[in-house]
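Engineer: Using the hints provided, position chain B relative to the given structure of chain A.
Quick mapping for you: the protein sequence lines, in order, are chains A and B.
Numbering follows our numbering, with no gaps: position 249 of the first sequence is 249.
Numbering follows our numbering, with no gaps: position 277 of the second sequence is 277.
Calculated directly from the structure, the hints in this document are not laboratory data.
Predicted model only: the values in this text are computed from it and were never measured.
All C-beta atoms in this analysis are idealised placements derived from N, C-alpha and C, irrespective of residue type, glycine included.
Check before you lean on any hint, since a few could be wrong.
[What the hints assert, rightly or not] If you only want the chain B side, here are some residues facing chain A, beta carbon under 8 Å, derived:
1. 222
2. 257
3. 262
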Amino acid sequence: MKKLTKILSLTAAMAMAVSALAGCGAQKATETADTAAGTSAAVIKIGGIGPLTGPAAIYGNAAKTGAEIAVEEINALGGDIQFELQYEDDENDAEKAVNAYNKLKDWGMQVSLGCVTTKPCIAVSSEVFSDRIFALTPSASSTDVIEGKDNMFQMCFTDPNQGIASAEYIKSQNLGTKIGIIYNNSDAYSTGIYNKFVAEAQTQGLEIVSTQTFTDDSANDFSSQLNAVKAAGADLLYLPIYYTPASLILAQADKMQYAPKFFGVDGMDGILTLENFDTSLAEGVILLTPFAPDADDELTKKFVEAYKAKAGDVPNQFAADAYDCVYSIYEAIQKAGITADTSAADTCEALVATFTSPEFVYDGLTGTSVTWQTTGEVSKKPKGMVIENGVYVGMD
Amino acid sequence: MTFISNLINGISLGSVYAIIALGYTMVYGIAKMLNFAHGDVIMIGAYMSFCATTYLHLPVPAAIFMAMCVCTILGIVIEGLAYKPLRRATSLAVLITAIGVSYFLQNIALIIWGSAPKTFSSVVPFGSLRLFGGELIITAESIVTVLANIVIMVGLAIFTKKSKMGKAMRAVSEDKDAAELMGINVNVTISVTFAIGSALAAIAGVLLCSAYPVLMPTTGAMPGIKAFTAAVFGGIGSIPGAMLGGILLGIIEIFSKSYISTQLSDAIVFGVLIVVLLVKPTGLLGKKIAEKV
Chain A
1 MKKLTKILSL
11 TAAMAMAVSA
21 LAGCGAQKAT
31 ETADTAAGTS
41 AAVIKIGGIG
51 PLTGPAAIYG
61 NAAKTGAEIA
71 VEEINALGGD
81 IQFELQYEDD
91 ENDAEKAVNA
101 YNKLKDWGMQ
111 VSLGCVTTKP
121 CIAVSSEVFS
131 DRIFALTPSA
141 SSTDVIEGKD
151 NMFQMCFTDP
161 NQGIASAEYI
171 KSQNLGTKIG
181 IIYNNSDAYS
191 TGIYNKFVAE
201 AQTQGLEIVS
211 TQTFTDDSAN
221 DFSSQLNAVK
231 AAGADLLYLP
241 IYYTPASLIL
251 AQADKMQYAP
261 KFFGVDGMDG
271 ILTLENFDTS
281 LAEGVILLTP
291 FAPDADDELT
301 KKFVEAYKAK
311 AGDVPNQFAA
321 DAYDCVYSIY
331 EAIQKAGITA
341 DTSAADTCEA
351 LVATFTSPEF
361 VYDGLTGTSV
371 TWQTTGEVSK
381 KPKGMVIENG
391 VYVGMD
Chain B
1 MTFISNLING
11 ISLGSVYAII
21 ALGYTMVYGI
31 AKMLNFAHGD
41 VIMIGAYMSF
51 CATTYLHLPV
61 PAAIFMAMCV
71 CTILGIVIEG
81 LAYKPLRRAT
91 SLAVLITAIG
101 VSYFLQNIAL
111 IIWGSAPKTF
121 SSVVPFGSLR
131 LFGGELIITA
141 ESIVTVLANI
151 VIMVGLAIFT
161 KKSKMGKAMR
171 AVSEDKDAAE
181 LMGINVNVTI
191 SVTFAIGSAL
201 AAIAGVLLCS
211 AYPVLMPTTG
221 AMPGIKAFTA
231 AVFGGIGSIP
241 GAMLGGILLG
251 IIEIFSKSYI
261 STQLSDAIVF
271 GVLIVVLLVK
281 PTGLLGKKIA
291 EKV
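Okay, chain A solo, but in the shape it has when bound:
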């Protein structure tokens, strides 16, 4: 009897250990980007970190490919400024991200592209701040990433801005009056957007009829959340979450024959690339994202073509953000007169001054007249997209 209880308590402890570690088991992948033929000595070294393996790999690989395309284009121009890009894998894990950052520092990184996802980027941002290395993250959107760090910048909207923009957009486009929300309360990204959305919804006079949560460990069954939202009579379901749980929510709502308007943010981007996903489930899903691959301006067309040639599919906004990161750094480096011999610390001060100066305005894939505040936050306009017949279509 005693022995059995002992075994059971031990196994319970083991179970906890396993669940805590679940999801960490992925192989290391270190990849160096192609650089212009024959890496000469006079190159500026850019380091990027992102989940190249693991459940969030789709974001990391998209950002890496986007940055690679920009670097190849810039190097092909043959100007004085030549880049060398190296991407390290963090598996969406803060500790591994810091290891990856140290590795890049040893390699001689002068400018950092931060991390792709929020949690690792928060950890790395305090490192870049104390080491005085300039960093511009393509997509880590929490305010915790930039808060109190003058040399940490964002290419994407901050989470609060996404929440605020969502509420404004829903109101201005008259998309719904009774709003239900399902968000992941174990995730900083999701919670950050949710908090600001609720505050802004109040000032906009939107009625939130039901708020439901889930955690990373209970992201399988959404029947009770959907039942509650449905019972509350929500006509718009706001999903400030990533696309993997969102795909389950869409499938389960379909089975329940519950069809409100679904409204997502940039984490929803990627849902159409899920292998074997029935895209008809996502029909009519609205999402706010700064980049539309179907836009017909020259820059977007050229980028989409280059991305298709390189990765075989249509780029998402993470790829476009990373592309814009490299180009805005390129423009700022030209403005500030930085060369390959400038030390990382001097580069950092010069880039901070350039990025925050009012004359520095960047036009790119993810927005025109993009500017940065001294906090590191970006200012640009979000675009609403709706999924029609399995592709994004601009709403305005």
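Structural biologist: Only chain B this time, still in chain A's reference frame:
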């Protein structure tokens, strides 16, 4: 009506836990070891079925059969390579090995299928059942899972009670050494146990992913832990206990999400488990085992 709808959702979630718990409890009951890799065998089974239907375009029954065959072989190989050499080792050593096997399988899946999630198409060909003019919807997957549970539970109970191999299994479970003295081949018996447990894992994997259609290398991990909890809850080693534990766990989880708080649901589930184990340390239907000193 919301109450009934929640109850049904609880039963369907619980039946998924139950079908996984049956595999846990079967192996524990006979081999007296916790096969923590069970959740990952489930994941392999689901991937096999996914590949068979998506890439090889096999019909669903053939895909399930293929998944069962692969998982059965996998189960026997794992047992032979990882657990058999540790037959006389402490239970803790076997437990750690099982966790190792679990990570091994997850990483193998990462290498073969990559990390991007895949969407599993349901193997159940018919649609949801609608009652009371659409007020109450029961998904076809949950009906099939509940039925599969009952069939497997009854089948396993008859098999262990009546068949020769089943009797040998019970004998090995009671006392390995005495069973050996009576002429029972303990190694073969335990291998067969793993083979059956792994074939069940393949079915569980297919049903799990039909109900919750996202397939990743970590798909089996969390449901595996919950199912293990369900097996302990119902009395580990007891076949009806696994089913009861699984379904109760599902109902408690959905009810606490719906009526108390979505944020506290896991805390409530595990709180109930602690209370049950305090009152009845062997679980709801667990047998009292007199330990030899």
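Engineer: Take the hints in turn and mark each one as holding or not.
Structural biologist: Here is what the structure says about each hint:
1. 222: Constraint on residue 222/B satisfied, holds at 6 Å.
2. 257: Hint holds; residue 257/B Cβ to chain A Cβ min 4 Å, cut 8 Å.
3. 262: 5 Å, holds
Hint violations for this structure: none, all hints satisfied.
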